[in-house]
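Here the structure of chain A is known, so what remains is to put chain B in place on it, guided by the hints.
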Amino acid sequence: MTVSRGFRIVLRALTVVALVVIYAPLALVVLNSFNTNKSFAWPPTGLTLHWWGAAARSDGARAALLVSVEVALIATAVSLVLGTMAALALQRHRFFGRNAVSLLIILPIALPGIVTGIALNNAFRTVFGWELGFATIVVAHATFCIVTVFNNVQARLRRLGGNLEEASMDLGAGTVTTFRLVTLPLLRSALLAGGLLAFALSFDEIIVTTFTAGAREQTLPLWIFNNLFRPNQAPVVNVVAAVLIVASIVPIVLAQRLSGAQREGLAGAR
Amino acid sequence: MAATTGTSGLLHRRPALRAGLLLAPPMLWLGVAYLGALAALFVTAFWAQNSFTGDVERTWTLANFHDLVTIGVYRTIALRTLAIALLVTVVDAVIAFPVALYMAKVASPRVQRLLVVAVLMPLWASYLVKAYAWRGMLGTGGLVSDLLKPFGLDTPGYGLTALIVTLAYLWLPYMVLPIYAGLERLPGSLLEASADLGARNGTTLRRIVLPTVFPAFVAGSIFTFSLTMGDYIAVRIVGGPNQMLGNVVYDNVGAANNLPFAAAVATVPVVVMLVYLAAVRRTGALESL
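Chain order of the listed sequences is A and B. Using our numbering, you'd call the opening residue of the first sequence number -11 and step up by one each time. Using our numbering, you'd call the opening residue of the second sequence number 168 and step up by one each time.
Hints listed in this document are in silico derivations from the structure and should not be mistaken for laboratory results. Treat each hint with caution, since some may be false.
Computed footprint of chain A on chain B, listed as stretches where at least three residues anywhere in the stretch have a Cβ under 8 Å from a Cβ of chain A [as the list claims (entries may be wrong)]:
#1 190 to 203
#2 394 to 406
Among the chain A residues that face chain B by a calculated CB cut under 8 Å, a handful are [unchecked claim]:
#3 0
#4 13
#5 14
#6 54
#7 99
#8 233
Virtual Cβ for every residue (Gly too), placed ideally from N, Cα, C.
This is chain A alone, in the form it adopts within the complex (with noise of 0.2 Å):
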């Protein structure tokens, strides 16, 4: 861009302004989490490991932890499947109503979190008549992480065409050893990427699992919610919190990893 240089300048102050507002808060989580003073004011009285130690000591981090990675695989293994087939579906047929049927997987992410969440526990716990628990999270979590999957999927699909898939067809496989041999390894990397997310949507989510949990499991955001107001468990829940953002890095890095899959991952990176 022709852009004269007192601009590129001004430009330039900004976004460095904005990315040291943007990780400001998260570098004064993590070196809080060795602040001695427990009211973590500024600046750190002293540093310790203390807190580490009882953050890993903490039995109700640790097993809310593991709901949180259960909850998130399985329900991104749901929304690989069921995003795939739907964006098969409108990516390779025409037919009426296709673009209902985008808007209705857009829908569990465009509308209101808190209105996703009470309608689901008003429809499991009177409709179905199910009990709120660790089927209802997984249910919950999995209908607005298709939306991820089938972004992913139906990006990769347009920018492939369907030549391949028609070779293969002409060549006398079907349809299934097509989809088997051609269009799943093809979509491999897009998989991932809106996998990736998928868990991450899902790991990260608080407003709708509020209202699908039972009242006993615990997610690790609903652990550290629930842990938050209280002054004795701040330290523990400030170590979770540095583990957290130290542990985002790593989607980030595989995400870097797959090439190309990142670009199409922007978009349904809610």
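Just chain B, lined up with the frame of chain A:
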């Protein structure tokens, strides 16, 4: 093997059948279960609650919506929520545009890649952790009050300002990414042509860049708007005593156990979002989501 070939052949000859089979499971899940749940919620909003037993009574009434409109507290909360959503969207758009412009049109390809990661990273960090981080920043004796002390100012404390700052922080990547993608698609030759024809930076920005990336702003605003209107967690962490629509819904599902009224309140953000989505359909923003 013969059976597979038979099924495969049938699927090949009947594309409609194939599409139907592919669509059936996701549509059962989303179309029947999810849409059904939404419909059931909407119906509940027109039911009454027995104030003595607390049971839902299946008699048709508009009382919940009547309460929502006539009781001052709820009207205030609804308007406050809308105002917060609007402000958060504006703050995000103002911050996101220069960052996205720098990323897409000024930075070298290497810096560009790094910046995308730098902006994306916080998106992966937990929502709750980020809200919690701002609780630490804005608390008494926190970093913000320490930084503002030399200027004779203090932290705004937990309240509406803190809430808007926190929400804008939380949703910023959702605004940066679509705008960045939109700017990337904008051909550099267009900008050069504009400069060649004598337009200054400001003119090019106003008359070329902003109109072409407008759908991207709208796409970002769908996220910031929807996410803000459905939020009730951040307001409890940094919002002080203030309430948003989400809190009213939550309290009526939980403590007050008045599902019909909660459902009526929940229809407000849905209606706002549907109106908004319908209004922006023409801009092509939905394709840039």
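Here is what the structure says about each hint:
1. 190 to 203: holds (count 11)
2. 394 to 406: holds (count 7)
3. 0: holds (6 Å)
4. 13: Holds - the Cβ of residue 13 of chain A comes within 8 Å of chain B, reaching about 4 Å at its closest.
5. 14: Status holds, d = 6 Å.
6. 54: This interface hint is violated because 16 Å lies over the 8 Å limit.
7. 99: holds (6 Å)
8. 233: holds (5 Å)
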